[in-house]
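Participant: Given the structure of chain R, go ahead and fit chains P, A and X onto it with the hints provided.
Protein chains: 4
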Amino acid sequence: MRIHEMTYRVPYADTDQMGVVYYANYLVYFERSRTEMLRDAGLPYSEIERRGYLLPVVEANLKYKASAHYDELLTFRSIVKEARGIRLVIASEVFRDGKLLVSGEVTMACADKNHKLTRIPAFMLETLNKY
Amino acid sequence: MRIHEMTYRVPYADTDQMGVVYYANYLVYFERSRTEMLRDAGLPYSEIERRGYLLPVVEANLKYKASAHYDELLTFRSIVKEARGIRLVIASEVFRDGKLLVSGEVTMACADKNHKLTRIPAFMLETLNKY
Amino acid sequence: MRIHEMTYRVPYADTDQMGVVYYANYLVYFERSRTEMLRDAGLPYSEIERRGYLLPVVEANLKYKASAHYDELLTFRSIVKEARGIRLVIASEVFRDGKLLVSGEVTMACADKNHKLTRIPAFMLETLNKY
Amino acid sequence: MRIHEMTYRVPYADTDQMGVVYYANYLVYFERSRTEMLRDAGLPYSEIERRGYLLPVVEANLKYKASAHYDELLTFRSIVKEARGIRLVIASEVFRDGKLLVSGEVTMACADKNHKLTRIPAFMLETLNKY
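Residue numbers (my numbering), protein chains in the order written: chain R, 46 to 176; chain P, 46 to 176; chain A, 46 to 176; chain X, 46 to 176.
Some hints here could point you the wrong way.
The list treats identical chains as one, so a pair stands whether inside a single copy or across any two.
[What the hints assert, rightly or not] Listed next, the in silico EDC-like pairs over lysine to aspartate or glutamate satisfying Cα-Cα at most 20 Å (straight line):
#  : residue 1 : residue 2
1  : K144      : E104
2  : K158      : D116
3  : K144      : D116
4  : K110      : D157
5  : K144      : E117
6  : K110      : E150
7  : K108      : D142
8  : K108      : E150
9  : K175      : E127
10 : K126      : D85
11 : K175      : E92
12 : K108      : E50
13 : K161      : E94
Bear in mind the hints are in silico, worked out from the structure with no lab data behind them.
Pulled out of the complex, with its shape left as it was, chain R reads as follows (with noise of 0.2 Å):
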């Protein structure tokens, strides 16, 4: 198992009134890290759909342990916990200097072009599972 790591800095932009990160960016912010921990692998999702194939989001769960706050230098970190039939599980990591501030799970099924749904394809298989 492999782990995927990347640096974010925090605009301005996503933060609230309270002087955090407004919770629902924690999405956008596992969306950029498993993106870059599947281009790492050699899978780029940009590839995925051009193959014919989408990864529709099924569930999503967060868990918000401390803040992030403007200009912080955050780092995301993402594996893949299962990756089976028509299901893929990507747990992410968001820290701050070493620190966990959120943990999550994002649960996606494989679709086709039409959204209907199938097996995750052997090319797709082989590489997540080097992760």
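Facilitator: Using the frame of chain R, we list chains P, A and X on its own:
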């Protein structure tokens, strides 16, 4: 237990290139929904803040059953599922024409102005337990 | 010339740590406003797209005179300033209690499904010139 | 005059159903760009706020020449166009592979913590005029 409903029109801003509402936006929808529920209960969130309390989110769960699209008129519903100690759980649902698209729960902790956790004050509990 | 108005409640999501609505959100407000104006004129934007046209934005200008805040009920107003050739200009304003907060203009070009510029079709011009 | 550059990868979150980056996001890109320019100049915006100043936006203009798409690696460039009295104008541009997609200017006013307009202080002017 009372249920609060509001409607919302999907702008272009909320869609993504898959042609559906981007998954993080549902957490914004849940926020809109519980805000209107609280206002309807006679406890506007802005009033909660004026009285020195904050309700940071500590957990969120979403189940995505079907997609919403540009310009659709959605219905948001929220109920208080639990209000006890420092913990407030609100369940929210997004519908289109009576069809459930997305459901979820958001757990908040009650905090004072210094972001220190504190029991939900009596004036809030009273109102919340009507819901 | 007719003017269209709608109201909008500011969610936490739209604020930033300065305690005001983040400046980019006004372009989303302008979109909401002109969408409702077009619908009110009997020409929903979704209908424009169904008939094979797109209206990509080519220019936008905003003047920020005063700030909007969390939970305020804003009023959006839009009018068609120009509709000629390939060019459509819509002016929008954001008010709170009759006070002008932000005004601006968004210029769109008319394009076909292949994103090729094309003259605004008769069915659109007719409706737009009523505004 | 110095120019600052940074790169940015477009997430799904930034796209809309037209398959391009939604027009309001460029104001967020401009914010990211001028923030990194200020940091690079030795004047992080967070430092400006810590020293008791705010830079609320009073005007913004954007010209959209071509579209950005999902997963593209964009380059943002910013320069200080004017820094005088209470007024700071920063010009920003968004490129893909050397092609200019969007350009614009954002005018800010210098304000103190009480949101009262005030002349740009010497420590800021000195740094800004290097750009």
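Participant: With reference to the structure, classify each hint as holding or not holding.
Facilitator: Status of each hint after checking the structure:
no.: 1; hint: K144 - E104; result: between (25 Å within a copy, 18 Å between copies)
no.: 2; hint: K158 - D116; result: between (39 Å within a copy, 19 Å between copies)
no.: 3; hint: K144 - D116; result: within (16 Å within a copy, 28 Å between copies)
no.: 4; hint: K110 - D157; result: between (36 Å within a copy, 17 Å between copies)
no.: 5; hint: K144 - E117; result: within (12 Å within a copy, 30 Å between copies)
no.: 6; hint: K110 - E150; result: both (15 Å within a copy, 17 Å between copies)
no.: 7; hint: K108 - D142; result: within (18 Å within a copy, 31 Å between copies)
no.: 8; hint: K108 - E150; result: both (9 Å within a copy, 12 Å between copies)
no.: 9; hint: K175 - E127; result: within (11 Å within a copy, 42 Å between copies)
no.: 10; hint: K126 - D85; result: within (16 Å within a copy, 39 Å between copies)
no.: 11; hint: K175 - E92; result: within (18 Å within a copy, 43 Å between copies)
no.: 12; hint: K108 - E50; result: within (19 Å within a copy, 27 Å between copies)
no.: 13; hint: K161 - E94; result: within (14 Å within a copy, 24 Å between copies)
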